[in-house]
Amino acid sequence: MTRKSKNFTLSIIAILSLFFLILNISLNYFYVFAFFLIFLTAVYGFSSHNEVWYHKSAHIIVSSLLGIFTLVYEILGILFSLIAAEFSKIKPNFYVIIFGIISIIIFIHELNYLKKIEQEAKRNNNNKH
Amino acid sequence: MNNAHGLNQDKRENGTVSTLDAEECIEISIIGNPNVGKTSLFNILTGAKQYVANWPGVTVEKKIGYFKYKDRTFKLVDLPGVYTLSAKSEDEKVAKDYVLNKSYQIVILVADALNLESSMFLLLQLLEMDANIILVINAIDEAKEKGRIIDPSPITKTLNIPVVLTSARTGEGIEELLEVIYNYSKPKSRVKTRIKYPPNVEKFIEFFQELINKYPEIATNYSGYLENDWLPVYLLEFGNEDLKLPKSFLKELEKSFDLEKLQKEYTKWKLDFISYLVSSSIINEGIDWSLRDILDHVLTHKVLGILIYIFAMFAIFSLTFNLAQPLSDLLELAFTSVGNFLSNVIPVPWLNSLVVDGIIGGLGGVLVFIPQIFILFFFLGFLEESGYLPRAAFLVDRIARNFGLSGRSFMSIILGFGCNVPAIISTKTIANKKERLALTLSLPFASCSARLPVYILLIGTFFPSNAALVLLLIYLSSIVLVLVSSKFLQKFITQSEDIPFIIELPRFRMPTFKNLAIYTWNRGKHFLQKAGSIILIATIIIWALSFFPNFGQDINNSYAAGIGKVFEPLTKHLGWDWRINTGLVFGVAAKEVVVSSYSTLFNVGEDSLSYALQNVLSPASALALIFFVLAYVPCFATLATIKSETNSWKWPIFTLVYTTAVAYVIANAVYFIGGIFL
Chain A
1 MTRKSKNFTL SIIAILSLFF LILNISLNYF YVFAFFLIFL TAVYGFSSHN EVWYHKSAHI
61 IVSSLLGIFT LVYEILGILF SLIAAEFSKI KPNFYVIIFG IISIIIFIHE LNYLKKIEQE
121 AKRNNNNKH
Chain B
130 MNNAHGLNQD KRENGTVSTL DAEECIEISI IGNPNVGKTS LFNILTGAKQ YVANWPGVTV
190 EKKIGYFKYK DRTFKLVDLP GVYTLSAKSE DEKVAKDYVL NKSYQIVILV ADALNLESSM
250 FLLLQLLEMD ANIILVINAI DEAKEKGRII DPSPITKTLN IPVVLTSART GEGIEELLEV
310 IYNYSKPKSR VKTRIKYPPN VEKFIEFFQE LINKYPEIAT NYSGYLENDW LPVYLLEFGN
370 EDLKLPKSFL KELEKSFDLE KLQKEYTKWK LDFISYLVSS SIINEGIDWS LRDILDHVLT
430 HKVLGILIYI FAMFAIFSLT FNLAQPLSDL LELAFTSVGN FLSNVIPVPW LNSLVVDGII
490 GGLGGVLVFI PQIFILFFFL GFLEESGYLP RAAFLVDRIA RNFGLSGRSF MSIILGFGCN
550 VPAIISTKTI ANKKERLALT LSLPFASCSA RLPVYILLIG TFFPSNAALV LLLIYLSSIV
610 LVLVSSKFLQ KFITQSEDIP FIIELPRFRM PTFKNLAIYT WNRGKHFLQK AGSIILIATI
670 IIWALSFFPN FGQDINNSYA AGIGKVFEPL TKHLGWDWRI NTGLVFGVAA KEVVVSSYST
730 LFNVGEDSLS YALQNVLSPA SALALIFFVL AYVPCFATLA TIKSETNSWK WPIFTLVYTT
790 AVAYVIANAV YFIGGIFL
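Protein sequences, first through last, are from chains A and B. Under the working numbering, the first residue of the first sequence carries the number 1, and numbering increases by one thereafter. Under the working numbering, the first residue of the second sequence carries the number 130, and numbering increases by one thereafter.
Isolated chain A (complex conformation) (with noise of 0.2 Å):
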């Protein structure tokens, strides 16, 4: 994965954190706090850190890791709320549904990243010995 396409992720989850805050301004303010916190982690990420090599991929996994515990959030509301068969409350919230399931994707697709560098590491040392 190159410099270019770790930025395009960051730049993903940039901008549709951003879009999902505005769009839960009247809805939650959790949710625009954890959303704000989401785009602040990603605009951060596109800083240059060179000592640290996965300086970018580590804003990606905190980003998405964020968004994936808002899902958690949102998912456990609905089931206690289901526990105390008050249906009426159980309003969800899909922004951070579809939100959430973004950044399932991406945490997955940036740890396989991770242990694939690892893997090669690994061979190239085996060839060394």
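Watch out, some of these pointers could steer you wrong.
[As the list claims (entries may be wrong)] Label pairs and their in silico Cβ distance ranges:
id	chain 1	residue 1	chain 2	residue 2	range
1	A	47	B	246	27 to 33 Å
2	A	72	B	777	34 to 40 Å
3	A	104	B	300	30 to 36 Å
4	B	300	A	78	35 to 41 Å
5	B	651	A	75	57 to 63 Å
6	B	699	A	72	45 to 51 Å
7	A	108	B	621	55 to 61 Å
8	B	369	A	51	49 to 55 Å
9	A	19	B	429	24 to 30 Å
10	A	78	B	739	23 to 29 Å
11	B	316	A	51	51 to 57 Å
12	A	123	B	593	56 to 62 Å
13	B	282	A	105	42 to 48 Å
[Said to hold, decoys possible] Once the Cα atoms are required to be at most 16 Å apart in a straight line, the calculated EDC-like pairs of lysine to aspartate or glutamate come out as:
id	chain 1	residue 1	chain 2	residue 2
14	B	332	B	387
15	A	115	B	274
16	B	563	B	774
17	A	89	B	458
18	B	273	A	118
19	B	197	B	156
20	B	275	A	118
21	B	616	B	683
22	B	332	B	274
23	B	275	B	381
24	B	199	B	274
25	A	115	B	387
26	B	275	A	120
[Unchecked claim] Simulated coverage check for chain A against chain B, where a stretch passes if three residues somewhere in it have a Cβ under 8 Å from a Cβ of chain B:
id	segment
27	27-39
28	70-78
If you are wondering where the hints come from, they were derived from the structure by calculation, not from laboratory data. These numbers come from a predicted model, not from an experiment. A virtual CB, placed ideally from N, CA and C, is assigned to each residue, including glycine.
Let chain A serve as the given structure and place chain B on it in line with the hints.
What follows is chain B alone, placed relative to chain A:
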């Protein structure tokens, strides 16, 4: 499963297991750096259930347990985590004193497979002390996951000590450890090792030992240090600050040796030796990254890290409110039904009033908050067990320093969110005495879970649409209050020494549901125990005071009203009537009693209590009341802990007056500022 049988310590001390004499019982101590899994191993070997957490400094006092393996019984002593035997803080002194006392036969040194280097200093110190060591390299499963293979043979061969690879998490290596302990408990199996130092250091040690003969008082006063060559090398490593050897003795040493130069030579040799041992014992197969590094890169960022921590707390409070509310409603329904049923069944009026209004109304008013309390502990447990909290401590270290505290103090504040008592005890890990005393006296401002029912009741009544945000504001204010109070108090405390904050960030771990359930239950059961004891008693007393002397006919002329009215001149301008005051007075016993007394004094259930409170309080007075409850008088248990930790009655009495004065000032400020916005 291992074949060791844990013995209950209490039973043994009560004499139930009395046939074992001192000779049969072999004493073993567990020592190691903080957060390497010592207490986990202790629990596995003894069958105990000591509290284990994923952050350093959990064990602040030594803990004792027993276990049997084959035909032998072992006494196991779990010591607080230390990096070296040069003790600074109270918990480190506990470990050092125990090690110097030498009542044990074997020392189990627990090292972290992913950070072997940091345990090697302690290992060499113990060898220098001539201790019989078993080196346990723990978390071997996590090392394997990271592509790190540990080969113990170089350490075994070089130092002549047994090395066992274990995983306290999976139980790997525990059987082998038991077998090694059993075999090593026979003195014949132990091989003595004498470390070979560089020639100049050897000469120094020889000269030192000869010189001691001229100073018999040294032999008497430093007997614990005199085994092997520990005293001379301790002097080289840590200087004379701890030892306080006679000046004349030091002068004689300085005549023959350049101590500064020798110290550098000794340190270099030690570092090289450790580096050789570690590098020859570790084979790395992986690449230098892990999910921990990746997460830490962002979570310890000076801006993002703090925002993520605030977000995590915000999420926990939102979940506490949103998830618990339906369950709380169900409990409320149950208490109302029981109350209605008993109201129709009990014919005697005063008994009816006691059971229905007093016990069911008062106690039920508190018990409906069980879901909130358990859910809050569950998620706080998640943060703690996953290893996130030490990162928060690391982040706030810089901020805390401006208030004369360190990040380590932040861990105590977080503990204080559960209960102030363990939080105050945890200050033993703070080496700076000035910081420790100021923090001990300020920790009652950390918002403990006993205050939670009051917050939930008032926030739910007056700020339902921004409940989590208000709760977050209260908890952040609580942190700020502890910091500001510490800074203020430190101005009046004279002892001072600046000790840097060193915290080893633990690995991130996905907490298991079982561990979280145990954590939640251990914290939450305290609330249930209080409900069955102090809250129940206080509720009955409040009912009696509100019922007499006119048998419930006119509560405004009851004894309870009399107590509350005494304080009315001080609180009337805040919008608090006698009922609010009486609740606060009884809240001194336990903060939950504030809610149960309101249920009794307003003579209504929780739902109607909200309406009743809305008739008495304005949003600004409610907010002032919340902040007053946050800051005023700590409970009796906290005051008793302050007494035992400071060894003086002066400090608990000071805390009593100080917290009440601060709470009153804050309540006034919040009321007047709140009045502008609300």
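Do the hints match the structure? See the list:
Against the hinted window of 27 to 33 Å, the Cβ-Cβ separation of residue 47 (chain A) and residue 246 (chain B) comes to about 32 Å, which satisfies the hint. Between residue 72 (chain A) and residue 777 (chain B) the beta carbons are some 48 Å apart, a value that contradicts the proposed interval 34 to 40 Å. Distance hint for residue 104 (chain A) and residue 300 (chain B): a CB-CB separation of about 33 Å, consistent with the stated range 30 to 36 Å. A C-beta distance of roughly 38 Å is found between residue 300 (chain B) and residue 78 (chain A), which places it inside the suggested range of 35 to 41 Å.
Take residue 651 (chain B) and residue 75 (chain A): their Cβ atoms lie about 27 Å apart, and the range 57 to 63 Å is violated. Against the hinted window of 45 to 51 Å, the Cβ-Cβ separation of residue 699 (chain B) and residue 72 (chain A) comes to about 47 Å, which satisfies the hint. Hint check: residue 108 (chain A) to residue 621 (chain B), Cβ distance near 56 Å, so the stated range 55 to 61 Å holds. A beta carbon spacing of about 41 Å between residue 369 (chain B) and residue 51 (chain A) contradicts the range 49 to 55 Å that was offered as a hint.
The hint said 24 to 30 Å for the Cβ distance between residue 19 (chain A) and residue 429 (chain B), and at roughly 29 Å that hint holds. A beta carbon spacing of about 26 Å between residue 78 (chain A) and residue 739 (chain B) agrees with the range 23 to 29 Å that was offered as a hint. Taking the beta carbon of each, residue 316 (chain B) and residue 51 (chain A) are about 53 Å apart, inside 51 to 57 Å as hinted. Taken as a hint, the range 56 to 62 Å holds for the pair residue 123 (chain A) and residue 593 (chain B), whose Cβ atoms sit roughly 59 Å apart.
In this structure the supplied range 42 to 48 Å holds for residue 282 (chain B) paired with residue 105 (chain A), their Cβ-Cβ distance being about 46 Å. For the hint linking residue 332 (chain B) to residue 387 (chain B), the alpha-carbon distance of about 12 Å falls within 16 Å, and the restraint holds. For the given pair, residue 115 (chain A) sits about 12 Å from residue 274 (chain B) by alpha-carbon distance, which is consistent with the 16 Å threshold. Simply put, residue 563 (chain B) and residue 774 (chain B) have alpha-carbon atoms about 14 Å apart, close enough for the 16 Å limit, and the pair holds.
Among the hinted pairs, residue 89 (chain A) with residue 458 (chain B) is consistent with the structure: their alpha-carbon atoms are about 14 Å apart, no more than 16 Å. Straight-line distance between C-alpha atoms of residue 273 (chain B) and residue 118 (chain A) comes to about 14 Å, which keeps the hinted pair within the 16 Å bound. The hinted pair formed by residue 197 (chain B) and residue 156 (chain B) meets the criterion: a straight-line CA distance of about 12 Å does not exceed 16 Å. Only pairs whose Cα atoms come within 16 Å are accepted, and residue 275 (chain B) paired with residue 118 (chain A) is accepted, the gap being roughly 10 Å.
The straight-line distance between the Cα atoms of residue 616 (chain B) and residue 683 (chain B) is roughly 48 Å, outside the 16 Å bound, and the hint therefore fails. Using a Cα cut-off of 16 Å, the hinted pair residue 332 (chain B) and residue 274 (chain B) is violated, with the two alpha carbons roughly 46 Å apart. For the suggested pair residue 275 (chain B) and residue 381 (chain B), the alpha carbons sit about 52 Å apart, so the restraint of at most 16 Å is broken. Annotation: proposed proximity of residue 199 (chain B) to residue 274 (chain B) is violated, straight-line Cα distance about 34 Å (limit 16 Å).
Between residue 115 (chain A) and residue 387 (chain B), the direct Cα distance comes to roughly 53 Å. Violation of the 16 Å bound is thereby established for this hinted pair. For the given pair, residue 275 (chain B) sits about 15 Å from residue 120 (chain A) by alpha-carbon distance, which is consistent with the 16 Å threshold. Counting residues of the segment 27-39 of chain A whose beta carbon lies closer than 8 Å to any beta carbon of chain B gives 5, which meets the minimum of three for the stated coverage. Counting residues of the segment 70-78 of chain A whose beta-carbon sits less than 8 Å from any beta-carbon of chain B gives 3, enough to reach three: the coverage restraint holds.
When held up to the earlier numbered hints, the structure conflicts with 2, 5, 8, 21, 22, 23, 24, 25 and fits the remainder.
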